[in-house]
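A.B. asks: Going down the list, the protein sequences come from chains A and B.
Okay, so the first sequence: first residue is 1 according to this note's numbering, each after it adds one.
Okay, so the second sequence: first residue is 280 according to this note's numbering, each after it adds one.
One or more hints might be untrue.
As the list claims (entries may be wrong) - To spell it out: a stretch of chain B is covered by chain A in this simulated footprint if at least three of its residues, at any positions, have a beta carbon under 8 Å from a beta carbon of chain A; those stretches are:
| id | stretch |
| --- | --- |
| 1 | 359-368 |
| 2 | 377-388 |
What the hints assert, rightly or not - Here are some chain A residues pointing at chain B (derived, C-beta under 7 Å):
| id | residue |
| --- | --- |
| 3 | Ile32 |
| 4 | Leu156 |
| 5 | Ser160 |
| 6 | Glu162 |
| 7 | Ala166 |
| 8 | Arg167 |
| 9 | Gly172 |
| 10 | Val173 |
| 11 | Thr213 |
| 12 | Arg214 |
| 13 | Phe255 |
Read the hints as simulated data drawn from the structure, not as lab findings.
Every residue gets a Cβ at the ideal spot worked out from N, C-alpha and C, and that includes glycine.
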Amino acid sequence: MSFFASGPVHTALIVGALVAVVSGPVGVFTVIRGQSFAGHALADTGTTGGSGAFLVNVNPLYGFVALNLIAAAVMEALGVRRARGRDVATGIVLGAALGLSALFLDLETRSSTTGATITVLFGSIFTLDPGTVPFVAVTAGVAVAVMAVLYRPLLLSSVSPELAAARGLPAGVVSAGYLLALALAVSLSAVTIGAILSTALLVGPAATALRLTRRPGAAVLAAAGIGTAATWAGVALSYESYYWPPYQQGWPVSFFVVFVVLAAYLAATAATAGRKGRR
Amino acid sequence: MTPVVQLRDVEVTRSGRRVLDGVSLEIGEGEFTGLIGSNGAGKTTLLKTVLGLLTPEAGEVTIGGRPLSRRDRLVGYVPQSIHLDPDMPLRARDLVGLGLDGHRLGVPRRSAARTRAVTGALAAVGAEGFADSRVGRLSGGEQQRVMIAHALVGHPRLLVLDEPLANLDISSTNEVVAVLGRVCREQGVAVLISAHDMNPLLPYMDRIAYMADGRVASGPTDEVVRSEVLTRLYRHPVEVLRAQGRVLVVSGG
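One chain only, chain B, in its complex shape:
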C-alpha cells in the first residue's frame, strides 16, 4: 500500500544550519507516529516540510504517493502554541468551520452539509459541550481538542500536530492524546505528532520517529527506543531506562 507520507533523504538548511540532515520517514495509512526529540532537534522543521511550508534542498517528499503541493487537503495541521485573545469573537464552532472553508474568499454561507460536518468534527473530539464558547476562553486542553476538530473537519488522511501537549497539565495531556488515539483508530486517519516526551504517547503510538541533530531513527517503538539505536543516532552514548511502563532516555557513560 502507498504510504500516506514518504520522505527520502530530505535535507533542509535554515539560516546556514543543516536542520534536516538526510531524513527518511514513512507513515502508513492510519498509523499513529510520535516524532520525539528535544528542542532544536528539527521536529518543527520536519513537520513544516511535510506540510509543504519549507522546500527541501535535496531529497523527496510525497503525500499519498504524489509530490507535495502546498494546498494539499490530504493533510490537516495543528500548529504550535496558539495564543487567542479571550475576547475574540470566535466560537469553537466557528473555528472548526474555518477548517472547512477558511481558505476561501468571502463570508461563510450556512448550509446543512456544513453544519453537519462541523458538528461531526466537534463530536469526534468530544467538544460538543463547549461548541458555542469563545475559543479564547477555553482551557488549553479544550483549545487543542477544538484545533484537532478544525484540522479533522476536511477529512484529511494525515493529521500533523506540532507539540500539542506543550503547556498542558497532566490530565489535559492524557485527554488530548486519548482523543487523538480514538480519532486515529475510528476514522483511520494517520497521526504525526511531535513531543519532547514520548511517555504520554506510548499507549497509542504504532511507530516512533526519534530525532536528534537533524537525523531520524524510525520504526516500531520497541525497536527504536533501545540504547544501541539511540547511541548511534545521538553519536553519543545514551541509555534507555524502563520503569513501570515508562521510558527514560539518559546520557550514558
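So that you can see chain A by itself, here it is in the shape it has in the complex:
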C-alpha cells in the first residue's frame, strides 16, 4: 500500500501537525521563560496517566491529558510562581508520579502483551485510533487559543514579572493559563513521540526558531512550522524504514522525529554561527 493511501498514515500526519502547531508557540514561551524543566516534569507525570489508562483499558491519550492537568494544578498550587520554589515543588511531584508509572507498567505487562511500556514511554502515533482525532483537535485548539489570548501578557511577564504586575496583570492567571497550555501541549506530544521524548518536540523546534528570528511572532510561527516538518518527516521516514533492515519491522517514529529536530537545531546553529557578532 502506498504512503498516502494508508489510514494510519493519515491519522499520524493529522495528529502530528496538530501536536506540532501547539508545541511551537508553547515551546517558545517555555524556552524564554526558562521552564523546560516544568515541561519535562509534566511529561513524566503524564506517564502515570498514560500507564494508568492502559491498566483500565482507556486510551492513554485521555490518561495523559487528565494527569497533566492535575499535575499542572498541583505545581501551580505548590508555588510555581516563585522562582526558587519552582524546582523543589516540581521535583516532589515528579518522583511520586514516576514511582506510580513504574507500578502501573509493571502490573500491565504482567497481565497482557499490549506493548504498554513502549507506547507510553516512546509513543504510538501509527496505532492511534482515528476516533481520537476530534479530541486531539479540540485539545490543540484550546491550547492555541489560550496562548493567543495570553500572548502579550505572557511576553511582558517573561521580560519581567514585576513589570507585568505594575501594569495590573494578575500574575496568577497568566501563569496558570500558560501552565494549562503547557500541560495540553505535553500530553499531545506524549501521544505522538512518547512521554520521555515529548519535551524534544516542545523545546527543539522552539530553540531552533529562536536561532532563526528575533521577532516573537515569527519565532512562534517558525517553531510551529519546524515542528510540523519534523513530525511529518518522522512519519515518512518511519514508514519508509519498513524496507530497511531488520526488514518488515520498521523503525520507531519517535526516533526519526527527535533526530530531525536535532538536525534542524544543529543546522540552524551552524547557519547562524557566522552571524555571532550581529544582534
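Knowing the structure of chain A, use the given hints to seat chain B on it.
C.D. replies: Leaving out everything else, chain B in the frame of chain A:
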C-alpha cells in the same frame, strides 16, 4: 498646582519589619527627584508603594491628586535588574510596543499610530540605532535606555526607575542619566529614580529624597544634603564632604 505624587505619613510593614516609617514626599510636574539611600533603606518599598504594588497600613498616596489605583497609566516603571536571555526573540522595538499594549489580551496589531508611538519613544532615548536588535544582546546601558522607552511610550506623567544605574559602567551611567534628564526636560515628565550614589544625578536633580531606616528627608538638594539634616535622619552623626563638585556622606565623630 497638584503634585504628580504625594505621600503623606506612609507606613509599610513587610514580614514584621517597619520598612517605611512615616514617609512624606511630594513630586511636582516635570521634577527630577533622586531617591538616595544605602541598601535596605527602603527605596524599593517606597517605589513599589508609589506604583501601587504595596498597600500602606497607614497614610495616604495620591497620584495626580487622586487615590492610587494599580492600573494607573500616569506612571511608567523601569524595574530593578532585568536579566534577559540573549536568544530571546524580542527586539528593542517589540519591548517598547509592549509598553503601549502589553497588558492587553491577544496578539498585537500593526497600526500607523502604534508604529509612530514606538518610533517616537525609541528616538526620545536615542535607541534608533539598535531598535531592531534583540534586547537580550544589548549592553546594560542600551537595555536601560530601551526600558526607559518602554516606560515612556504610554505618555506617563511620572517615570519610576528602581536602581537603573546598578551594574552599569561609568560611561553608560552618564549616558542613561543624560537621557533621563533630557526626557524630563523636553517631555515634561517627572522622574523618580532610586540610586545608592547621588553623584551621577547631581547635574539633573531638582530635588532629593534622602532615605535612611525607612524615613525620608526631601527637598532641594542643597538644603537636604547637609550634615545636620542627615544627622537627624540617620539618628547618628554624619558629615557631608564636598570636593570637586562631588558629594560624600561619611559617618562623623
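A.B. asks: Looking back at the numbered hints, which does the structure fail to meet, lowest number first?
C.D. replies: 9, 10, 13
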